[in-house]
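Asker: Chain by chain, the residues run as shown.
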Amino acid sequence: MSAIGGSTTGLGRWTRLLARWEALLLAALVGLVVLGAYLSPFFLTPGNFSNLIAAQMEVAIMALPMLLIIVTADIDLSVESMAGLASAILGFLWAAGVPLWIGIPVVLVVGALGGLMNGLLIAWGGLPSLVVTLGTLALFRGLALIVLGPRGVSDFPAAFTELGFGHVPGTLIPWPFVIFVLLAILLGIVLHRTWVGRQIYAIGRNPGTARFSGVRVTRVRTGLFVLSGLVAALAGVILTSRLSSARADAGQGMTLTVVTVVLLGGASAFGGSGTIPGVVLAVLSVAVMQNALRLASVSVEIQSIALGLLLILSVVVPTFAHQAKSALDRVRGGRPPPADSITHGETAVS
Amino acid sequence: MAESGAAGTVGAGRTRRQWVSTLARQRELSLVAIMFVLGGLVSITAPQFLTVSNLSQVAVLASIIAVAAVGEALVVITRNIDLSVEAMIGLVAYSVAIVLQRQALDPPAAIALGLGIGLGLGMINGVVVTVLRVPSIVATLGTLSIFRGVDYLVAGSHQVPLAGLPPGFTDPARDTILGIPMFVLVAVVVVVIGSVVLRSTRFGRQIYAVGSNPEAAAILGIPSRLVVFAAFSLCGLLAGVAGILWVMEFGTINGTSATGVVLSVVAAVVVGGVSISGGSGTLAGAALGALFLGFIANALILVGLSQFWLQAIYGVVILVAVSADAIILRRIQRATAGRRTR
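Protein chains in written order, with this note's numbering: chain Y, 1 to 350; chain X, 1 to 342.
These aren't lab readings, by the way, just hints derived from the structure by calculation.
Check the hints yourself; a few may be wrong.
Covered stretches of chain X, as calculated for chain Y (at least 3 residues, CB under 8 Å) [to be verified]:
#, region
1, 125-135
2, 239-246
Over 12 Å on every C-beta distance to chain X, these chain Y residues come out as not near it, computed from the model [said to hold, decoys possible]:
#, residue
3, Arg141
4, Arg205
5, Val300
6, Ala327
To be clear about the criterion: a stretch of chain X counts as covered by chain Y if any three or more of its residues have a C-beta under 8 Å from a C-beta of chain Y, and this derived list gives those stretches [stated by the list, open to error]:
#, region
7, 108-122
8, 304-315
Note that CB positions come from ideal geometry on N, CA and C, so glycine has one too.
Construct all of the structure, not just a fragment, from the sequences and the given hints.
Answerer: Encoded structure:
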């Protein structure tokens with residue numbers, strides 16, 4: 001994990017911090033597994049692991065492009081509604097007699113177009129991503145309701161529901177997990193091994209500098225929102241398949257978990273840092289945590305509170321760890337960076 | 001300013017600036033104008049739209065959102081956002097309703113409790129943002145989940161029915177003073193007090209200063225974190241007021257009350273011309289934004305469009321409003337840049 005950050009130049013200090021964060025996550029994951037095994041005898045069974053992973057895959061898949069967007073210091077709140085819109089359109093088309101091999105590509109194109117709309121308004125129009133995607137959060141959900149109304153469509157063929165519900169033959173590995181791993185590898189290579197990835201980090205650290213260094217900031221940001229819309233639509237298809245039911249309210253509330261997973265994975269809420277391996281570890285941690293809580297028959301209400309606390313803590317802990325570290329450096333007689341401490345104070349307001 | 005130079009060009013620059021600033025300043029006026037046009041159009045197909053009883057019902061419902069939107073606007077002007085308002089409204093509404101049903105407190109004490117809970121929740125947000133230094137969007141997304149979780153936890157599957165409230169408690173929702181609904185008066189009072197504070201007190205100017213330029217505000221010695229903390233606290237307090245109004249208006253309250261309201265509140269703020277990047281906007285604008293959204297919702301129903309259209313149209317309204325803001329801002333920047341090059 002640390003090798004990935006190590007290859008990117010000029011990140012020495014951050015790399016070490018992030019590498020340590022990922023190690024911390026890994027330790028937390030192991031701890032959660034031990035706790036789960038202690039709480040329930042059913043926890044450490046392959047069947048349970050298969051289920052707990054399958055239950056988080058829509059969130060996991062959407063978290064990957066969300067990481068890239070958060071690295072560029074933007075956010076996409078509309079993903080949950082795009083997943084719902086994808087589900088609604090897929091159900092509507094299927095109920096109207098359109099075969100799935102046409103329906104699924106149509107839905108993915110709609111996802112990419114929705115993402116393009118976000119991207120153009122944000123990157124080209126210069127509008128704040130928070131408000132734009134809050135607007136499309138309402139718009140996409142509204143369109144889903146208009147398309148499908150309150151009904152559900154559930155007479156999908158078995159071959160389709162196998163995609164979300166079934167396993168790789170001979171194993172207990174759920175198909176959506178395969179999609180997640182492939183996407184994680186692909187985006188991991190793009191983010192950590194290519195010039196596109198370096199441009200994404202550059203935009204997050206300082207968009208002005210990135211622009212003057214020849215980064216096509218508008219194009220990269222737009223592209224990331226298109227990717228996010230496309231992947232959210234894919235998550236909507238998987239969700240429809242897993243629940244074998246298309247509904248306009250599919251995915252409601254998922255954005256919170258997606259953002260939590262990304263920040264828990266070590267991405268800075270101010271942009272400029274975060275890694276794919278971190279997000280993968282965070283996905284697994286959240287999946288294990290929710291499963292362990294459920295097996296321990298902890299109520300949904302407490303789970304909601306736990307998730308909110310986790311989101312806040314995932315920002316608080318690194319901030320204070322960083323502060324403690326620089327304070328320690330100062331005590332040791334390292335050069336105290338006064339400018340740095342001032343800008344750090346300002347971030348609380350932005 | 002350096003106006004003594006080329007009088008002609010400066011004059012031209014100034015008229016353009018005036019035109020631009022009038023346009024920018026008159027978001028309130030343009031909202032009212034749009035509402036008049038819309039009202040005229042809708043009343044052609046649905047004559048009952050422009051009746052006193054219908055319009056006062058629209059205004060009463062909008063007042064609840066308007067009160068919450070004023071609090072949200074305070075936070076947004078400081079260049080932050082509070083996504084937890086709906087959970088604060090819901091938690092206050094349920095708490096007030098349940099203590100009234102159990103007859104643990106009499107109505108005035110229950111109202112005080114509701115205000116206290118709202119203020120307390122707002123202060124929690126303020127601490128997380130200013131002391132723990134979590135960016136407000138992340139902080140309030142987290143507290144949205146936490147406050148709502150607490151609400152579910154306290155309420156369980158219990159629902160306080162209208163009949164469980166003391167007789168007369170819900171009357172203010174229908175009472176009028178001189179023909180004006182009580183709720184509208186509450187909203188107007190909140191807007192007037194808030195506007196006076198923003199316009200003419202040191203604290204009010206500091207809110208704008210922190211939002212428009214945090215670095216400059218810090219250099220000037222403005223206690224930014226204290227100002228932001230106060231804005232979040234007031235937002236919680238006003239969410240508390242909205243929660244109490246919610247109980248009076250709807251009567252039947254459970255753990256999911258006010259779910260999804262944050263969208264209307266933020267939409268009202270954005271539509272009302274408060275810039276999401278901080279430092280500009282008025283509380284009256286935010287309140288008018290709430291009225292505007294209520295107007296549209298009511299018009300949709302009367303025209304016979306399904307309720308499902310509402311959310312999509314809210315989304316479009318948010319996108320249009322934020323685009324309009326950006327275009328106006330760009331015009332202003334171009335106008336001032338033009339002045340500078342001359």
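Asker: With reference to the structure, classify each hint as holding or not holding.
Answerer: Right, here's what the structure says about each hint:
Counting residues of the region 125-135 of chain X whose beta carbon lies closer than 8 Å to any beta carbon of chain Y gives 7, which meets the minimum of three for the stated coverage. Coverage of the region 239-246 of chain X by chain Y is violated [criterion: at least 3 residues with CB-CB distance below 8 Å; count 0]. Look at Y/Arg141: its CB is around 5 Å from the nearest CB on chain X, not clear of 12 Å, so calling it non-interface is violated. Every CB of chain X lies more than 12 Å from the CB of Y/Arg205, the least distance being 16 Å, so the non-interface label holds.
Under the 12 Å C-beta cut-off, the non-interface status given to Y/Val300 relative to chain X is violated; the minimum distance is some 7 Å. No beta-carbon of chain X is positioned within 12 Å of the beta-carbon of Y/Ala327; the least distance is around 15 Å. Given a C-beta distance limit of less than 8 Å, the hint that chain Y covers the region 108-122 of chain X is violated, as 0 residues qualify and 3 are needed. Three residues within the 8 Å Cβ limit are the bar, and the region 304-315 of chain X against chain Y gives 9, so the coverage statement holds.
In this structure, the hints that do not hold are numbers 2, 3, 5 and 7, in rising order.
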